[in-house]
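Asker: Could you put the whole structure together from the sequences, leaning on the hints where they help?
There are 2 protein chains.
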Amino acid sequence: MLNYDFNIEGVIGKIKKLNAAKIALQFPEGLKVHATSIADEIESKTNSKVIILGDACYGACDIADQEMMNLVDIIVHFGHTPLPLNYKIPVIFVEAYSRINIEDSIKKSLKNLDGYNNIGLVTTTQHLNVLKKMKTILEKKGKKVFLKKGIGTSEGQVLGCNFSAIKNLPVDAYLFVGSGNFHPLGIKLFTKKPVIIADPYMGDVRSIDEFSDKILRVRFAKIVKASEANNFGIVVSSKEGQFRLELAYHLKEMIQKSGKKAVIIMMNSINPTLLMAYRELDAFVITACPRIAIDDANMYEKPLLTPQELEVVLDKRDWSNYEMDEIKYDENKNIINSI
Amino acid sequence: MLNYDFNIEGVIGKIKKLNAAKIALQFPEGLKVHATSIADEIESKTNSKVIILGDACYGACDIADQEMMNLVDIIVHFGHTPLPLNYKIPVIFVEAYSRINIEDSIKKSLKNLDGYNNIGLVTTTQHLNVLKKMKTILEKKGKKVFLKKGIGTSEGQVLGCNFSAIKNLPVDAYLFVGSGNFHPLGIKLFTKKPVIIADPYMGDVRSIDEFSDKILRVRFAKIVKASEANNFGIVVSSKEGQFRLELAYHLKEMIQKSGKKAVIIMMNSINPTLLMAYRELDAFVITACPRIAIDDANMYEKPLLTPQELEVVLDKRDWSNYEMDEIKYDENKNIINSI
Numbered sequence: 047m048l049n050y051d052f053n054i055e056g057v058i059g060k061i062k063k064l065n066a067a068k069i070a071l072q073f074p075e076g077l078k079v080h081a082t083s084i085a086d087e088i089e090s091k092t093n094s095k096v097i098i099l100g101d102a103c104y105g106a107c108d109i110a111d112q113e114m115m116n117l118v119d120i121i122v123h124f125g126h127t128p129l130p131l132n133y134k135i136p137v138i139f140v141e142a143y144s145r146i147n148i149e150d151s152i153k154k155s156l157k158n159l160d161g162y163n164n165i166g167l168v169t170t171t172q173h174l175n176v177l178k179k180m181k182t183i184l185e186k187k188g189k190k191v192f193l194k195k196g197i198g199t200s201e202g203q204v205l206g207c208n209f210s211a212i213k214n215l216p217v218d219a220y221l222f223v224g225s226g227n228f229h230p231l232g233i234k235l236f237t238k239k240p241v242i243i244a245d246p247y248m249g250d251v252r253s254i255d256e257f258s259d260k261i262l263r264v265r266f267a268k269i270v271k272a273s274e275a276n277n278f279g280i281v282v283s284s285k286e287g288q289f290r291l292e293l294a295y296h297l298k299e300m301i302q303k304s305g306k307k308a309v310i311i312m313m314n315s316i317n318p319t320l321l322m323a324y325r326e327l328d329a330f331v332i333t334a335c336p337r338i339a340i341d342d343a344n345m346y347e348k349p350l351l352t353p354q355e356l357e358v359v360l361d362k363r364d365w366s367n368y369e370m371d372e373i374k375y376d377e378n379k380n381i382i383n384s385i
Numbered sequence: 047m048l049n050y051d052f053n054i055e056g057v058i059g060k061i062k063k064l065n066a067a068k069i070a071l072q073f074p075e076g077l078k079v080h081a082t083s084i085a086d087e088i089e090s091k092t093n094s095k096v097i098i099l100g101d102a103c104y105g106a107c108d109i110a111d112q113e114m115m116n117l118v119d120i121i122v123h124f125g126h127t128p129l130p131l132n133y134k135i136p137v138i139f140v141e142a143y144s145r146i147n148i149e150d151s152i153k154k155s156l157k158n159l160d161g162y163n164n165i166g167l168v169t170t171t172q173h174l175n176v177l178k179k180m181k182t183i184l185e186k187k188g189k190k191v192f193l194k195k196g197i198g199t200s201e202g203q204v205l206g207c208n209f210s211a212i213k214n215l216p217v218d219a220y221l222f223v224g225s226g227n228f229h230p231l232g233i234k235l236f237t238k239k240p241v242i243i244a245d246p247y248m249g250d251v252r253s254i255d256e257f258s259d260k261i262l263r264v265r266f267a268k269i270v271k272a273s274e275a276n277n278f279g280i281v282v283s284s285k286e287g288q289f290r291l292e293l294a295y296h297l298k299e300m301i302q303k304s305g306k307k308a309v310i311i312m313m314n315s316i317n318p319t320l321l322m323a324y325r326e327l328d329a330f331v332i333t334a335c336p337r338i339a340i341d342d343a344n345m346y347e348k349p350l351l352t353p354q355e356l357e358v359v360l361d362k363r364d365w366s367n368y369e370m371d372e373i374k375y376d377e378n379k380n381i382i383n384s385i
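In the order they appear, the protein sequences are chains H and Y.
Each residue of the first sequence is one higher than the last, beginning at 47 in our numbering.
Each residue of the second sequence is one higher than the last, beginning at 47 in our numbering.
You may find that some hints are simply not true.
Copies of the same chain look alike in the list, so a pair counts if it fits in one copy or across any two.
Simulated crosslink set (DSBU-like; lysine-lysine; CA at most 35 Å straight-line) [claimed, not checked]:
1. LYS68 - LYS362
2. LYS306 - LYS60
3. LYS374 - LYS68
4. LYS307 - LYS60
5. LYS298 - LYS362
These aren't lab readings, by the way, just hints derived from the structure by calculation.
Answerer: Below you can see the structure in the form of structure tokens.
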């Protein structure tokens, strides 16, 4: 059995209904192993021609709609929920729900939540189908559960670049259900409240505090190192949902007004090899996916900063106001190009 | 002194003449080290805003015109000559001519050219400015030199995907001036004539024969291995000048008619990590840059084939008719999507 529920029958139904003859399939890295069998199934059960999109893809910020505009009728995008962007061709979003059992982890987390009555419940896309179940388990144990719809995200859903669903909730603590430390780190830094992680993959329940302290020490060190920088590279991603060129121009001006130099470098996916060529640059500011500067810091020789960290470097923001970077969407102006 | 002559003053003149306010600079990998200083110089001497394009770039097949259409007024592309493509915004091509001395190598090559009177002279973009000088040296030694303009290339110029400038010349041997073995390999395989390499970088003069024999043995081994394949991935690049989707459809049909399975996978740049996800595929056919299957063969776990090699695998072409892959351009139909 697959670890994910893709609902391919539903996809095939939509393809037939839309009468789509040419289809592109897009998968995040972890789901690409299923690409060829899904392509086979769709081709054999419809009259369509299928192209698998092979570029790396980490979010709905990165739909290949512009690229595929005149080549296919629809894109089927797996594993992410839509962002408030204007996609140029129809995109079927297939939420790949994990089949992992989350009950045990949540029950285990109750001990860590002892003493907290009002709980902010948060998860990521692949567990949204069991959000109600999570809530019920907590409520049965007497907790009051708070869920909030974010800007461009569902109730209780955070993304690596969007924490709007957890802000300003009247809660004592947050319970994050999912894997990894990045999302709970963001919740911690935005709310300053206790954050408990119920991780069904590792099977453990842990607090974010230790990780959060460690990351803040690393970030502080990067900021100190970047304070000596005279030449900055401001990196912009050309991915539709990460494209913050106006922000980059704004940061460039800020750097220049501080008597330092800056160039804007645009690329699709950012990696250490691509930045290696710019030997005379001392530090990079990443306006693309906010995870890159934090998660991938050790892969890069030179410090990578978020826009907010650059403000600290240039004395425009106090370290005590440290904030995670977010890519803010609103309904009128797809991407707000400022911090 | 720079190893290349970029003629930045000329570029600045053109920028002023075109009144360009927003400019993107694109460099191949080897020239990216000069990107920030050139960006600085252009910004300080014009009223323009400059963006450096940071994605990997290996040829004029890969101009970012579509991507930058509404973002900049012009692209300045360094190091490659234009291909017969319809660029969507003005592109200034800056041929980055190498300042390396080629005279000694050519003089040295005369010994190897002994006995051959009619010489086909060939080089790559970065030495086109000294083509006449090369010709003169050879002529002074009594050689008759043949040069031919290719389809989409200058007189005496070959690309990794375009050998039209060397075909059907009434010569006894070819002299290739430049680095690497890929281009002379192509000349050898297309013409079956002696090919001498005058390599000013290595400082040596050599025949392609040994390398050519070695590569043919490797290719034969890949073809034998791929003959056992049941599942093929046909890889298409979305780069404008490498985009051969129609060819991919044609190859898919050919594979299916042979009772085997095939999927089409589209990506921008091809690399081993991106192909690793497709565990159930046994071999890949690369319709993108013809160099990938040959030059990068050892980086990939599974055999990569050129379209012509696939024909050998499927018994549609005899091994004795082995041919390098080329991306053929004509003036009417940008890219000819067939072999």
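Asker: Run every hint past the structure and note whether it holds.
Answerer: Right, here's what the structure says about each hint:
no.: 1; hint: LYS68 - LYS362; verdict: between (50 Å within a copy, 28 Å between copies)
no.: 2; hint: LYS306 - LYS60; verdict: between (54 Å within a copy, 28 Å between copies)
no.: 3; hint: LYS374 - LYS68; verdict: both (33 Å within a copy, 26 Å between copies)
no.: 4; hint: LYS307 - LYS60; verdict: between (52 Å within a copy, 25 Å between copies)
no.: 5; hint: LYS298 - LYS362; verdict: within (14 Å within a copy, 57 Å between copies)
Checked against the numbered hints above, the structure breaks none of them.
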